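*Asks:* Residue numbers (our numbering), protein chains in the order written: chain R, 1 to 247; chain C, 1 to 551; chain G, 1 to 56.
The set of hints was computed from the structure by calculation and includes no laboratory data. Fair warning: this is a prediction, and the values are worked out from it, not measured in the lab. Backbone N, C-alpha and C fix where the C-beta goes; we use that ideal spot for every residue, glycine too. Some hints could be false.
Stated by the list, open to error - Label-pair distances were calculated between CB atoms; the ranges are:
| # | chain 1 | residue 1 | chain 2 | residue 2 | range |
| --- | --- | --- | --- | --- | --- |
| 1 | R | T78 | C | L472 | 14 to 24 Å |
| 2 | C | A3 | R | A179 | 53 to 63 Å |
| 3 | C | L472 | R | E117 | 39 to 49 Å |
Unchecked claim - Derived EDC-like pairs (lysine to aspartate or glutamate); straight-line CA-CA distance at most 20 Å:
| # | chain 1 | residue 1 | chain 2 | residue 2 |
| --- | --- | --- | --- | --- |
| 4 | C | K524 | C | D74 |
| 5 | C | K77 | C | E437 |
| 6 | R | K118 | R | D194 |
| 7 | R | K161 | R | E173 |
| 8 | R | K118 | R | D133 |
| 9 | R | K202 | R | D234 |
| 10 | R | K13 | G | D42 |
| 11 | R | K161 | C | D33 |
| 12 | R | K238 | R | E117 |
| 13 | C | K215 | G | D41 |
| 14 | R | K238 | R | D45 |
| 15 | R | K118 | R | D84 |
| 16 | R | K198 | R | E173 |
| 17 | C | K435 | C | E66 |
| 18 | G | K37 | C | E216 |
| 19 | G | K38 | C | E216 |
| 20 | R | K106 | R | D81 |
| 21 | C | K215 | G | D42 |
| 22 | R | K106 | C | E387 |
| 23 | R | K161 | R | E172 |
| 24 | R | K118 | R | E173 |
| 25 | R | K198 | R | D48 |
| 26 | R | K106 | R | D84 |
| 27 | R | K106 | C | E184 |
| 28 | C | K77 | C | E184 |
| 29 | C | K524 | C | E437 |
| 30 | R | K106 | C | D489 |
| 31 | R | K202 | R | E117 |
| 32 | R | K13 | C | E216 |
| 33 | C | K443 | C | D363 |
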Amino acid sequence: MSFFGLHYRLESKAIGLTLGIIVVASIGGLVEIAPLFTIHQTVEDAPDMRLYTPLELAGRNIYIREGCYACHSQMIRTLRDEVDRYGPYSLAVESKYDHPMLWGSKRTGPDLARVGEKYSDQWHVAHLNNPRDVVPVSVMPAYGWLLMTELRIDDLGLHLKAQRAVGVPYTEEMIANAALDAYAQSNPDSSLADGVTKRYGKATTMRAFDGRPSYLTEMDALVAYLQVLGRLTDAAHKSVAQAGAGQ
Amino acid sequence: MIAQLTLIERQYAIMISAAVAVCGALMILVGRDDAMGIHGALVFLAGILTIFRIGESYFAPAPSDERLAHYYDDPSKVAIVLAMIWAVVGLAVGDWVAWQLVEPDLTFGVAWSSFGRLRPVHTTSVIFGFGGNALIATSLYVLQRTSRARLPDQVSPWFVVYGYNLFCLLAVTGYMMGITQSKEYAEPEWYTDLWLVVVWVVYFLVYLRPLARRKEPHIYVSNWYYMAFILVVAILHIVNNLAVPVSLGHAKSYSAFSGVQDAMTQWWYGHNAVAFFLTAGFLGMMYYFLPMRAGRPIFSYRMSIISFWGITFFYMWAGSHHLHYTALPQWVQTLGMTFSLMLLIPSWASAGNVLLTLNGAWDKVRDDATLRFMMVAGVFYGLTTLEGSFMAIRSVNSLSHYTDWTIGHVHAGALGWVAMITFGSIYATVPWLWKREQMYSPKLVEAHFWLALAGTVIYVFAMWNSGIVQGLMWRTYNESGTLAFSFIDTLVAMHPYYIARAVGGLLFLIGGCVGAYNIWMTIKVPSAVTDLAADVPQPAVVGSGALRAAE
Amino acid sequence: MIVEHALLVGISKSFGLFYLIALSVAVVIYAMWPSNKKRFDDAAQSIFRDEAGPWR
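Chain R with its partners taken away, still in its complex shape (with noise of 0.2 Å):
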């Protein structure tokens, strides 16, 4: 019987053990991170957010799987020198839609959080497929083979409902267009570019990104992307412009 008593008086130390550990390691986390599930309530809104258009969400994929946020940050800090070399610094508004961020850790490249507009297609498109043609002396891989890979697109719907499911406000429309929608885009002479615009705002950018419209490609996912990076609300700029009036 005592044997049973100091068997049951052991096994309950190793659980409060296990318990204390996760109660102890528990809180730090608690404290900090759930009032950031609150803070909508506090920070800045931009009701001129737009949301990623299929196409761009298919190059921020593209993003994704090359792992180009192991080298490039996209999330200029609130530092005179970032702000100068890379634009207005990050609004947390600004990423509310990026499933997950892309705030990056690293900057063996520069920050691309601005980059959108900055360069031509062209540049991207060449400097994509071997950057030493463009600028002789980086150290970025090349990604030659972005030109001659045909974009999956029959999918593009699922996707589009999947964010949906996590609390990015796609529409019905948007995911029952959403392969037209990116065909559509890099092809603005077609006439279903009318339906890219209506769905997803004027400020959306139509271009043939590889320049060939014809032809649907990874590299025009990419460059889609890229151009819209930091152009998806103006926020930024008009935080800065108040601060400067404020002065």
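Since the structure of chain R is already known, use the hints to place chains C and G on it.
*Replies:* Okay, now just chains C and G, sitting in the frame of chain R:
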């Protein structure tokens, strides 16, 4: 291996393998239009091969009850061998990508070999492949000896070892095919993550049961650390990987979190992966193998308890120092910085414990490269935690963040602390496990030690220099008030440091290969001495066998 | 139920501090408690106790 299993255990093992194979077949079916199908084939193959492997010895005679009088160490043995394989692979890939930053066309023009895809292959192989297997091997070893209880059964530990390695394999092959969540150190996609949850729950139960049946009234402190490692990694893994897959047939998923919440969750995970995977687990290793190898108890057991709760508590708050000056609210940044500074107390208590335990036994440290591995690990642990607290200060971080300084810091910890304590512990365990008098070649252990130390020092100094130079160049203004250097200027300035880093990494890799060879030969070449049958190692096996009587 | 951001932040900032102090004190007391000394010394030595195998 299989002859040790009872008939019922063999049947269980076959059933589990069959279930794995069925999962693989389902993945092939639903994921046939996606890269997931290839992973399905891999899982299917893993299940089928295991069934065949068990089937080969299925009718072997059942083991005698004599086995219950010994600890069950076969899973630890296999995990040590796997750890060394992952070490060589991970270090080789790491050095390869280091050379890619010197000569970018070393990708040879194919998709899978570009820096962005290989970098997670490197980090996953060394952290989870090498570190994880070493933790599983040593934790099961230490658990049994400190509680004087045998593992509860002979199937679940195998499930942990092989299941965990299947996770690593799926992760690494996935990155090369472009399957990634992009969350640093949590890159594997949803189905691989789910698999790890299953493996981890079993690991926890395997760990808990001998503890509950232990003979010693007090739970030895190593087990506290291993336990914290298992539990907190589970919490971190589950929360950070919450995601919605595109469909059941798609490898791709979208994180449940976005923007600033995602950033905070990710670095809460990322920093605590450092804390509970790369620190707590390896401290558990240190608190057992260092006293055993040195032949003297830990200097202050009380200090080890205080630092345990300190680490468990403080680390959880520190993650936000990865997000200084970003869009994260400033109060969270300040909390992160404060707790990062306070972390220095428990960290130095541990590092001090290492050195004070060795105080008075420096002759052993001089003669025994294995003990020297552990001592240097303690020194690097102290240095890295000091540097980490320093870098968490906002103004320092404004310079160091986004630069190679971070890379240098991480490698001071990963090479100097984690790898050194692991190599030391493995060199201590291998002769005990395989009943050998000593390692195949103590000279090669000595060579490995100097290669590892030289490689680490070169690597870390190169990255400190490049990081600080780059950080300063980014923020330098000329007289007219404009930025003095373009980004490309800073990249050109990095070139010599990148060469030095790749050379340092190469030395460390060669050391790892020497270690793997030495361990393999120790296993292969039978020992002259045969009466080392005892399960509990003799403390203080220093260098050669002749010194053993010294205690 | 709407959770106020300010409330959560307030709890985080104040409670965190008290929790920190209480936990630190508790751990130091536990580790330094005189009657625990024997147990800890014993535990530190326990790994050297030479036993041939598991106890049952």
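*Asks:* Could you tell me which of the numbered hints above are not met by this structure, giving the numbers in increasing order?
*Replies:* 3, 6, 24, 28
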